[in-house]
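Spelled out, the chains give:
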Amino acid sequence: MPAPGPYSPQGVLADWGPRALGLLIDWALTLVVVVPLVVLGVAVSGVFRFLADVAGIVVAILLAVQVGQTGQSPGMRTIGLKCINQTTGQPIGPGLGVVRAIAHIVDSIICYVGWLFPLWDKSRQTLGDKIMSTVVVRVPTQKFSLMPPGS
Amino acid sequence: MNALAPYEIDVRRVRKPAAIFLAGGLVLAHLPAGVGLPCPLRTLTGVPCPFCGVTTSVRDTLGGRVRDGLSVAPLGLLLVVAAIAVVLRLSPGNVRILRPIVIAGVLAEWCFELFRYHVI
Numbered sequence: 014m015p016a017p018g019p020y021s022p023q024g025v026l027a028d029w030g031p032r033a034l035g036l037l038i039d040w041a042l043t044l045v046v047v048v049p050l051v052v053l054g055v056a057v058s059g060v061f062r063f064l065a066d067v068a069g070i071v072v073a074i075l076l077a078v079q080v081g082q083t084g085q086s087p088g089m090r091t092i093g094l095k096c097i098n099q100t101t102g103q104p105i106g107p108g109l110g111v112v113r114a115i116a117h118i119v120d121s122i123i124c125y126v127g128w129l130f131p132l133w134d135k136s137r138q139t140l141g142d143k144i145m146s147t148v149v150v151r152v153p154t155q156k157f158s159l160m161p162p163g164s
Numbered sequence: 490m491n492a493l494a495p496y497e498i499d500v501r502r503v504r505k506p507a508a509i510f511l512a513g514g515l516v517l518a519h520l521p522a523g524v525g526l527p528c529p530l531r532t533l534t535g536v537p538c539p540f541c542g543v544t545t546s547v548r549d550t551l552g553g554r555v556r557d558g559l560s561v562a563p564l565g566l567l568l569v570v571a572a573i574a575v576v577l578r579l580s581p582g583n584v585r586i587l588r589p590i591v592i593a594g595v596l597a598e599w600c601f602e603l604f605r606y607h608v609i
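Protein sequence lines correspond, in order, to chains A and B.
First residue of the first sequence? That's 14 in our numbering, and the numbers climb one at a time after it.
First residue of the second sequence? That's 490 in our numbering, and the numbers climb one at a time after it.
Think of the hints as simulated: they come from the structure by calculation, not from any bench.
One or more hints might be untrue.
What the hints assert, rightly or not - So the derived label-pair ranges between C-beta atoms look like this:
1. B:V570 with A:L53: 47 to 53 Å
2. B:E497 with A:P161: 31 to 37 Å
3. A:L53 with B:L577: 50 to 56 Å
4. A:V52 with B:L577: 20 to 26 Å
5. B:L587 with A:L44: 41 to 47 Å
6. B:A597 with A:L53: 34 to 40 Å
7. B:C600 with A:P153: 43 to 49 Å
8. A:G163 with B:C600: 49 to 55 Å
We put the beta carbon where it would ideally sit given N, CA and C, even for glycine.
Can you build the whole structure from these sequences, using the hints too?
The following block contains the structure:
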């Protein structure tokens with residue numbers, strides 16, 4: 014059995030691998046919505062291409078709001094991850110969830126190096142996490158669901 | 490967060506990623522040039538980011554063209570050397586680097602890239 018990772022005051026910090034997996038699930042979810050619209054945009058009308066862009070942004074905002082509200086997106090729930098404020102241990106709220114998603118631009122803009130930070134960073138934070146003072150910790154996994162349980 | 494506090498790297502944790510990095514670089518060295526993701530900053534603005542050219546540099550270095558690698562991005566050679574040291578367990582288990590040194594290094598690399606792309 015692998016040794017547990019380092020602890021933050023709020024729990025065991027999540028490794029890069031599970032975090033990447035959670036993100037891939039969320040991306041796949043976004044693609045399920047966007048790709049058919051892109052295909053329609055190519056085959057039928059350019060309006061669908063515009064709708065694809067809008068749909069991508071809406072899905073991204075919905076996922077960010079979920080992360081802010083509950084600490085978890087569908088991918089994070091499935092893998093067993095939770096995003097919390099590193100000081101309070103609580104989810105950061107829907108508004109800051111969206112700001113955190115925007116802060117992840119910093120991770121991408123520098124040749125995607127920011128996304129690799131959890132590989133070596135002591136707090137296993139991306140640059141976006143550092144900006145927002147958030148950490149991602151391990152929690153029990155849940156069955157895949159689009160919306161948080163009980164919502 | 491103390492901006493001057495040393496940045497700690499648990500080297501044991503990066504051993505596997507370092508091996509994957511070296512293996513990936515070796516594979517890349519045998520692929521046609523231009524394989525890789527474009528830099529978003531350079532694509533959007535034309536201005537390179539501090540890490541532009543590192544993939545090419547690593548590919549050249551691991552392909553035996555060290556001088557070419559150095560001329561593209563010195564950071565690439567540094568990363569290859571560091572990764573080899575980590576994989577061969579030549580480095581200590583826990584490395585502490587002063588943040589100002591990290592920041593200065595990234596800024597120096599960025600200046601190099603800005604110069605290489607004729608931005609400055």
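Quick rundown of the hints versus the structure:
1. B:V570 with A:L53: 47 to 53 Å: Holds, since V570 of chain B and L53 of chain A (Cβ atoms, about 50 Å apart) stay within the stated range.
2. B:E497 with A:P161: 31 to 37 Å: Cβ of E497 of chain B to Cβ of P161 of chain A: about 35 Å, so the range 31 to 37 Å holds.
3. A:L53 with B:L577: 50 to 56 Å: With Cβ atoms ~53 Å apart, the hint holds.
4. A:V52 with B:L577: 20 to 26 Å: violated (49 Å)
5. B:L587 with A:L44: 41 to 47 Å: holds (42 Å)
6. B:A597 with A:L53: 34 to 40 Å: violated (49 Å)
7. B:C600 with A:P153: 43 to 49 Å: holds (48 Å)
8. A:G163 with B:C600: 49 to 55 Å: The hinted range 49 to 55 Å holds for G163 of chain A and C600 of chain B, with Cβ atoms some 53 Å apart.
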